[in-house]
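Asks: Here are the chains, one letter per residue:
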Amino acid sequence: DTGVSQDPRHKITKRGQNVTFRCDPISEHNRLYWYRQTLGQGPEFLTYFQNEAQLEKSRLLSDRFSAERPKGSFSTLEIQRTEQGDSAMYLCASSPLRGALSLGTQYFGPGTRLTVL
Amino acid sequence: AQSVTQPDIHITVSEGASLELRCNYSYGATPYLFWYVQSPGQGLQLLLKYFSGDTLVQGIKGFEAEFKRSQSSFNLRKPSVHWSDAAEYFCAVGPNAGGTSYGKLTFGQGTILTVHP
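Taken in sequence, the protein lines are chains X and G. In terms of our numbering, the first sequence opens at residue 48 and continues consecutively. In terms of our numbering, the second sequence opens at residue -17 and continues consecutively.
So that you can see chain X by itself, here it is in the shape it has in the complex (with noise of 0.2 Å):
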């Protein structure tokens, strides 16, 4: 169990710009979330993923921003034409279907920090 991964760790970029965030979640963890943190904050959710199928997106989520999960496993969040206002880290957790111990739980990667200059 390798855990979350999560690359960049941080992401510097000017506004308009777009950038990708990339999520490998633990192995065999059906589930993926994206959440979004702002400073004081706790995690917002943004969208969630179960295999390759997108099951539940924020109204958070506005169309400049597109998560895929294309093979069921990592996921990618992009966030097209960034805004000051999308400075924050974005975390990203999987959870798997089954394991009466884990069951439900969420596991957080590190992050990726992005500042729109």
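Check the hints yourself; a few may be wrong.
[Claimed, not checked] Just a few of them, taken from the derived set where beta-carbon distance is under 7 Å, the chain G residues facing chain X:
no. : residue
1   : TYR9
2   : THR12
3   : GLN24
4   : GLY25
5   : LEU26
6   : LYS86
7   : PHE89
8   : GLY90
9   : GLY92
Hints are computed from structural coordinates only; laboratory data are not their basis. Cβ atoms here follow ideal geometry from the backbone N, Cα and C, with glycine treated the same way.
Take the given structure of chain X and dock chain G to it, following the hints.
Replies: Relative to chain X, chain G alone:
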């Protein structure tokens, strides 16, 4: 809509003292409750969770939490705090369907713990 309130934004304790962090939730059905800890610039680490059974749950690092349905609370406790416990603590609630949880977690805004030597 589900919500989580952590009334204390910042708590300071002396090393060796006891600790209690408060969490109140609002949820229409049986909740799945979590406490996570986050060190600066890092992702979230699960401390403990509750979904059914004994209302006093034990977690890692000597933490425990008690679920009180009548008070809609899930307070985190530790009998003796160590300097390494200094971090930010988040309470979260998710849907509970027969012991499994699916979909998003809703987080409180967090409590920052400072430990004095």
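Asks: Would the hint on LEU26(G) stand, with a C-beta cut-off of 7 Å toward chain X?
Replies: 4 Å, holds
Asks: Verify the interface restraint on TYR9(G): the C-beta must sit less than 7 Å from at least one C-beta of chain X.
Replies: Status violated, d = 15 Å.
Asks: Close enough to count: is the Cβ of GLY92(G) nearer than 7 Å to one in chain X?
Replies: For GLY92(G), the interface hint holds, since the closest Cβ of chain X sits about 5 Å away, which is under 7 Å.
Asks: For the hint on GLY90(G), just tell me whether its beta-carbon gets within less than 7 Å of chain X.
Replies: 5 Å, holds
Asks: Should the hint that GLN24(G) touches chain X count as held when the rule is a Cβ pair under 7 Å?
Replies: Because about 6 Å separates GLN24(G) from the closest Cβ in chain X, which is inside the 7 Å limit, the hint holds.
Asks: Does the CB of THR12(G) sit less than 7 Å away from some CB of chain X?
Replies: It is violated, given that the least Cβ distance between THR12(G) and chain X is near 12 Å, above 7 Å.
Asks: For the restraint on PHE89(G), tell me whether the closest CB of chain X is nearer than 7 Å.
Replies: 3 Å, holds
Asks: Is the interface hint satisfied for LYS86(G)? The criterion is a beta-carbon contact with chain X at less than 7 Å.
Replies: Holds, about 4 Å.
Asks: With 7 Å as the cut and Cβ atoms as the points, is GLY25(G) at the interface with chain X?
Replies: 4 Å, holds
Hints 1, 2 from the earlier list are contradicted by this structure; the remaining hints agree with it.
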